[in-house]
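Read off the chains here:
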Amino acid sequence: MRADGHAPGRPAPGGQDAGQRTTEQLLRDGAREVAEVADGVRAVAERTADALLAPPHKRAARHPRTGLTARWALLRALTDPRGLGAPAGAARRRIARLLGARRGGEPLAALMAVTSLRLRVAAVLAGHPELARDPGMRRLTEALGTRGDREAVRALRTLFRDPGAQRALAALTPVLDELLRVRALLDAEPPAPAEPETGGGRRAAEAVDLTDRERQSLATEGSLLGFLRNIDILAPEGRVLVQNVRGPDGVVRYVVQAPGTSSGRPRHGSPRDVVGAWREQLTADSPYTRALRSAIEEHGIPRGAQLALIGHGEGGTALLNLARDAGFCRAYRLTHVIAVGAPDPAGRPADPRTWVGHVINEHDLVPAAAPAAAHPGRYDARYTGPTRAFPESHLLREYIGHLRTVAPEARAHLDEALTPYRGPVVRSQAYQLKDPAHPPEGHPFLTLPTSSIPTTTGPVGVPVRYQDSAAAHLCFPVRTEAVRALLPDVPWMRPSGIGRRTLAVLSLYEHRCSTLGPYTEIALSVPVDDLWRPRPADFATDLLRRADLRRTGRYVLSLAVTTEEARVAARELWGQPAVRAAAEVHLTGPRLRLSAPGLGIAVLGRLGPGVRCPEPDWALYGRRGDSTVRTAIRTSGRPRLHPGAGVRLRLDTAAAEPMAGQLRRLGIDTARPLFVVACPQFMVHRAAGAVLPR
Amino acid sequence: MVSHSTPAHPIAAELLDRIAQLRTDADLMDDYARRLLATAAALNSRVAAPEWGRPTLARQAAACRTTARQLRFVAEALLSQSGPGRSRPRRRPAAPAVLPAAGRE
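Sequence lines, in order, name chains A and B.
Here the first sequence stands for residues 1022 to 1715, numbered as in my numbering.
Here the second sequence stands for residues 5 to 109, numbered as in my numbering.
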């Protein structure tokens, strides 16, 4: 660790990596340069529009032809497709009102902003090629494409106005600044609400109880890693922790610990402008900052008490905002602010005595999106983590591990600074933050009472909620005997079908936002009769019943997911035989695509015209030991039924068990689906599995 | 720097401000063109840089030069309306955006 507080990371592995970084840096610098030029051109266009719309000078009345010449030249300068192209933003609206129609092409400033965005995307993908698989990045690169700038502008306008794309774009932290600039220049910002969005004076934080397991897991002694682990424990439900700590001198001090919002997990409240919420978090009075202030007031910290603020990601940013609040710093003696992997809002703490520490992994793209300006009185610990992949490089548990192994000097320095807070914890209280201005994510469908179930990777809130998913269910006709051979060897679990034929369903899911985080899921399932009272054609008649009264269900033969958290949840909550495998799906357009090289499975095709169909809410069955586990599923979306003729499944010859083997035994490897039920955007909640007596 | 003999009819300060702003903006647009061409040249030095970068930036630099020329024309037109004896502004031919000699497309 150098004296200036920087911790150089491990050396780059040779010339290739150094060359990549140089290209990435070049593209990033080019993007920044073009963005500055775009801002300047926009300002020139605004001033030119002002000159055009200004009242004519008195002399023009005496020399009308000369006055007209100047005005005509101004109009031409504003609208010439070979020049400024068209006015942008407010100037565009004013000129349009004057002329009654749009003139010229796309604004030059907008074309330049798009070029800046394209360079920025190229820079991000040069340094982090794994981001090419991100759903938001895919949609963005498809819109930008390799076409000309004007086509890209039109595609971007369509993308910005697609509500389904907002969440995916909001996850693109590395390019959000450029995205917001382009969106403003294209006049594609969401309309302002009719009434100001305020909390109406209601409290934005509520004290909540911790479970016994959480209480046992919290740190009992104050330390940097202890506080960070506390944040990691409470982060999944978005709770803030305030602890009273008795320092070495016997004085009770207070530590506020705030989590960030992970990409692909629900936010606290669903803001109207999901993309713009990123920039809003950097403002001094962001909703998160207000909620934190409310939690601190709720805790009853006495005025003048010493206070330390520790946060990760957006939580760290909100705490840095709080430190800039002069009124807050007059009420409390803010001694320390430590932000880990947090974008840095501009400005210094209101109290010059406040010690600020900032920990940044060079591979973390979140703080890089709003880099901090260096200034004295601040400790910056920068290191190069072993994992380049994003968003893994932003995870708090990664930072905790790195502070132990890669940057132990930084941890020691921060612990030394926190000496007054290194003592026994005398009280811990969690607060659930609320955003009264906005409804919860997925309200009302996903507004449900929840409980926490422990798993080997940590507690999981049930029901598991999926705020933004896409799915395609490929339904293949198969022989009932082939299905029976794959079901568990128990007499009361029988395939449900008509005569000797039934269906096998290969379900492809892209979960873009869920309480388990983002992941991809591939499931092979078959319909089974009621376990106690099977009746003929129950599977068909169940379509007429309410979802929670259906008797049939689908037994999951095999399941593949892309994250460890999802694999553990599937096995331990729902009794499903999940394996972890890499997979990439495209389910949002008319073309379907699945690529799972580890499973040896690929799906490719085009959906034909479809018709609306009922929600495919069915119970899923799994096994845990000798018992069957039944999981209730509820979905909310607009599924459509398509013919399956245009879709084909392909298996590699060396494709591995179990899924590929099961597909072969069912005869699906050479068949086309009979039909496909597709839904490019829907919500779903999956309850905890109920263990049945059979 | 522009110097004027004292005209028989004094030019209003507001008009002078507007003319000066237009000329300043024209200079800015020329500077933007230069910066875009410099960025294009820097990208050209890297094999891994996207192919569309250079021609796109060259096109946008040309648009900046066109705009600069048009703004100067407007400034001259406004100056000409300041009183008798001033000739109509003459439109000068556009100077093309010149890319660096190496690898010019």
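These aren't lab readings, by the way, just hints derived from the structure by calculation.
Think of the CB as a built atom: it goes at the ideal place given N, C-alpha and C, for glycine as much as any other residue.
Take the hints with a grain of salt, since some may be wrong.
[To be verified] Label-pair distances were calculated between CB atoms; the ranges are:
(1) A:Glu-1319 - B:Pro-59: 55 to 61 Å
(2) A:Glu-1163 - B:Glu-55: 46 to 52 Å
(3) B:Ala-45 - A:Ser-1238: 34 to 40 Å
(4) A:Pro-1635 - B:Pro-59: 15 to 21 Å
(5) B:Pro-59 - A:Gly-1619: 19 to 25 Å
(6) A:Leu-1089 - B:Pro-59: 36 to 42 Å
(7) A:Leu-1089 - B:Ala-17: 53 to 59 Å
[Stated by the list, open to error] If you want the ones that stay clear, here's a sample from chain A, every Cβ over 10 Å from chain B, calculated:
(8) Thr-1044
(9) Leu-1132
(10) Met-1133
(11) Arg-1374
(12) Val-1427
(13) Gly-1463
Outcome of the hint check:
Distance hint check: the CB atoms of A:Glu-1319 and B:Pro-59 are about 59 Å apart, consistent with the given range 55 to 61 Å. The given range of 46 to 52 Å is broken by A:Glu-1163 and B:Glu-55, whose C-beta atoms sit roughly 18 Å from each other. For the pair B:Ala-45 and A:Ser-1238, the supplied restraint of 34 to 40 Å is violated, since their beta-carbon distance comes to about 57 Å. The hinted range of 15 to 21 Å is not satisfied by A:Pro-1635 and B:Pro-59, whose Cβ atoms lie roughly 52 Å apart.
For the pair B:Pro-59 and A:Gly-1619, the supplied restraint of 19 to 25 Å is violated, since their beta-carbon distance comes to about 41 Å. At about 37 Å, the beta-carbon gap between A:Leu-1089 and B:Pro-59 stays in the expected band of 36 to 42 Å. One distance hint, 53 to 59 Å for the beta-carbon pair A:Leu-1089 and B:Ala-17, is violated here, with the actual separation near 23 Å. Its closest Cβ contact with chain B, about 5 Å, brings A:Thr-1044 to no more than 10 Å, contrary to its assignment away from the interface.
Distance to chain B contradicts A:Leu-1132 as a non-interface residue, since its nearest Cβ pair spans about 6 Å, not more than 10 Å. With 10 Å as the threshold on Cβ separation, the claim that A:Met-1133 sits away from chain B is violated: the shortest Cβ distance comes to roughly 6 Å. Interface exclusion of A:Arg-1374 from chain B stands, the closest Cβ pair being 43 Å apart, more than 10 Å. Under the 10 Å C-beta cut-off, the non-interface status given to A:Val-1427 relative to chain B holds; the minimum distance is some 29 Å.
Taking the minimum C-beta to C-beta distance to chain B, about 38 Å, the non-interface status of A:Gly-1463 holds against the 10 Å cut.
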